[in-house]
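Put together the whole structure using the sequences plus the hints.
Number of protein chains: 2
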Amino acid sequence: MKISPIQIKLSDSRKEKPNPETLVFGRSFTDHMFTADYEEGKGWHSYRIVPYAPVTLDPAAIVFHYGQTVFEGLKAYRSPDGTVRLFRPEENMKRMNLSLDRLCMPKIDEEMALHALTKLIQIEKDWIPTLNGTSLYIRPFVIANEAFLGVAPAKKYQFFIILSPVGAYYKEGIHPVKILVENEFVRAVKGGTGGAKTAGNYASGLKAQEVAGQRGYSQVLWLDGIERKYVEEVGSMNIFFKIDGEVVTPAINGSILEGITRKSILQLLDYWNIPVAERKISMDEIREAYEAGKLEEIFGTGTAAVISPVGELNWDGYKMIVNGSETGPLAKQLFDTLTNIQTGKEEDPFNWIIELKNELAKLA
Amino acid sequence: MKISPIQIKLSDSRKEKPNPETLVFGRSFTDHMFTADYEEGKGWHSYRIVPYAPVTLDPAAIVFHYGQTVFEGLKAYRSPDGTVRLFRPEENMKRMNLSLDRLCMPKIDEEMALHALTKLIQIEKDWIPTLNGTSLYIRPFVIANEAFLGVAPAKKYQFFIILSPVGAYYKEGIHPVKILVENEFVRAVKGGTGGAKTAGNYASGLKAQEVAGQRGYSQVLWLDGIERKYVEEVGSMNIFFKIDGEVVTPAINGSILEGITRKSILQLLDYWNIPVAERKISMDEIREAYEAGKLEEIFGTGTAAVISPVGELNWDGYKMIVNGSETGPLAKQLFDTLTNIQTGKEEDPFNWIIELKNELAKLA
Ligand SMILES: Cc1ncc(COP(=O)(O)O)c(C=O)c1O
Ligand SMILES: Cc1ncc(COP(=O)(O)O)c(C=O)c1O
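Those sequence lines, one after another, are chains A and B. My numbering puts the first residue of the first sequence at 285, with every later residue one more than the last. My numbering puts the first residue of the second sequence at 285, with every later residue one more than the last.
Keep in mind the hints are simulated off the structure, nothing from the lab. Take the hints with a grain of salt, since some may be wrong.
If chains are identical, the list can't say which one is meant, so a pair holds when it fits in one copy or spans any two.
Derived lysine to any residue pairs resembling SDA-like cross-links, with alpha carbons at most 20 angstroms apart [unchecked claim]: (1) LYS513 with MET567; (2) LYS439 with PHE309; (3) LYS462 with SER502; (4) LYS474 with ILE510; (5) LYS474 with ARG512; (6) LYS439 with GLY310; (7) LYS440 with GLY310; (8) LYS474 with ASN537; (9) LYS359 with GLU305; (10) LYS409 with LYS641; (11) LYS440 with ASP385; (12) LYS440 with VAL308; (13) LYS474 with LYS513; (14) LYS301 with ALA431.
Note that the coordinates shown come from a computational prediction; the quantities given were computed from them, not determined experimentally.
Below is the structure:
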């Protein structure tokens, strides 16, 4: 592996770290960030770790006007003994390259990005909270920063990795959410950008989320944009249904983001010999299962909440109360197993975890 | 009308103005820009005209991650006698508010924005080129600048108006383009953001445009995302077909941007008593008209090129050569009339033009 050198410029001052007891999501950032530049003809260059600081962009930067930007999200955990663990970070870098390609943006060197990430985390390791349920959220992203008002791929980009210590997604531990099935708005459609982690997908979902929030629902469940029949995913989670002993999740179809938590859960279920299917699933089927008393559990999966059980699903006024609005046994088992693996409390039979000490030694 | 005061801070230096003979699109910007801030609870405030300068944003600014941003595009023309003309600017501010609403962003005060625009143009009027075909392109836009990694509407925004002197879209004057009908990628779908002028719509179109470019086509014609049968629009233009004496353009359906040029052309055609219809139009119908020798003209319409005749339309390898690849008489007549009205060479029977002298007097 050929690793380009990373220039490191440490900050003269250190910010106060937030109280881990009252940590929220995505509000505080560490002292340093990683960044690199891209220029057509020159490629990615100037890899550097610098003090966390504002970005300076021409008002005509393409990211503001034509939305060329992609991002990733993953977490680092620190155990009381000081070991730092990353959960499948190579999967995030791989997915980032898929997103970059869809948006006509230059790919990053995945190994270089992982190397940069581990270096940055090494510098910021004191920022990783150790309290149960807390972690360091990692946000790699790339923006087009060329100043040009023309609808064409930019010739200049900047790559960043920023870090944010975050609290448990649910303060009271895992607990069920209420979800509204969205009938008016559409998140993504085949042929669009739904399979990529790009800003526009999230902006377009805000309106539906706002309406749902006003009605007391925490998220919307997106349906397919063509027939408005088939389940896609939730805000920033994939979705699973346990029906009559079988676990079903929508198959990857180009308009759903392929979650890394989703992928891991499919592996876990398989390992446990629990029947599981990736296929199309319609709201009609879910309603029928509910009426037949066979809709045992629903849960969302994603980096932020890991597992988020669904206690109520409202489809056009028809309310399905799932597992008596309680966290189901499978959701609980998956949550416990995944978080135990992520925090090193349980063995990792899949080789998902990168322990930073080892990785840093390997890269040195 | 209650107009908030605009603070004006002029630049200490002046940039060299580009040669109007060799002007390109969207590469050079004037000496000043207008900007204003928004904060939840406080509303829009700090209206100011300042030297054109980089924007400073936290790396966690919502615009980078979740794409909350909208923009507009319009032009100012200056005649040799010094009169400055704006083409229907109130329509752009109205559309910007529709876009802002779709993206859960705070609306701007349209009159205030028009006032700010005229002030800015007054300061920058020497930047408006007078050479035939040149103009000053105006780009109002709003970005979410709150630092927060959460998928929720921001609580802080910044509004900008920047100006760019631009050359004729086609150096050799109006000339036909080749367009590829897009069968794989989809720009927008009912329930999505296609009707809003927001960054994500443009980012998602780049891939198709890249493929078309490699095959020698300058733009793609988007089809509807559901049946992939009905015509929607082109890159940044609406589309018109003249079939057997009647002019047809896709009806506004939620996934098409409602162009101001489109609107104006509908009015002009009506004024000229040329039959015109806004309705669904399928590729099958276009092909049939072509085979029957009734596809007389195709042209795109938008602020940048005004009218862009289509000389060839390629649908899945089936090439339709329109009007012998020459600019059609209707496209030519529309181009001449619109540009003559815009530049004051022809009377404006619709009250489309705002002459800046008068407007400034009115606002003073
Ligand atoms: C749209 C969307 N779907 C699903 C997911 C879940 O993906 P992952 O499990 O990789 O976090 C996310 C969050 O990253 C997302 O943004
Ligand atoms: C997607 C899209 N469609 C159509 C248009 C044409 O609109 P207008 O005539 O207002 O420039 C534009 C350009 O503004 C556009 O970006």
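Do the hints match the structure? See the list:
1. LYS513 with MET567: within (6 angstroms within a copy, 26 angstroms between copies)
2. LYS439 with PHE309: between (33 angstroms within a copy, 16 angstroms between copies)
3. LYS462 with SER502: Intra 6 angstroms, inter 47 angstroms, cutoff 20 angstroms: intra-copy only.
4. LYS474 with ILE510: Answer is both: 8 angstroms inside a copy and 9 angstroms across each meet the 20 angstroms cutoff.
5. LYS474 with ARG512: both (13 angstroms within a copy, 11 angstroms between copies)
6. LYS439 with GLY310: So LYS439 and GLY310 pass the 20 angstroms test across copies only (14 angstroms; inside, 30 angstroms).
7. LYS440 with GLY310: between (27 angstroms within a copy, 16 angstroms between copies)
8. LYS474 with ASN537: both (7 angstroms within a copy, 19 angstroms between copies)
9. LYS359 with GLU305: within (18 angstroms within a copy, 54 angstroms between copies)
10. LYS409 with LYS641: within (11 angstroms within a copy, 62 angstroms between copies)
11. LYS440 with ASP385: within (15 angstroms within a copy, 31 angstroms between copies)
12. LYS440 with VAL308: between (34 angstroms within a copy, 19 angstroms between copies)
13. LYS474 with LYS513: both (14 angstroms within a copy, 15 angstroms between copies)
14. LYS301 with ALA431: For LYS301 and ALA431, the Cα distance is within 20 angstroms only across copies (17 angstroms; inside one copy 36 angstroms).
In summary, this structure violates none of the numbered hints.
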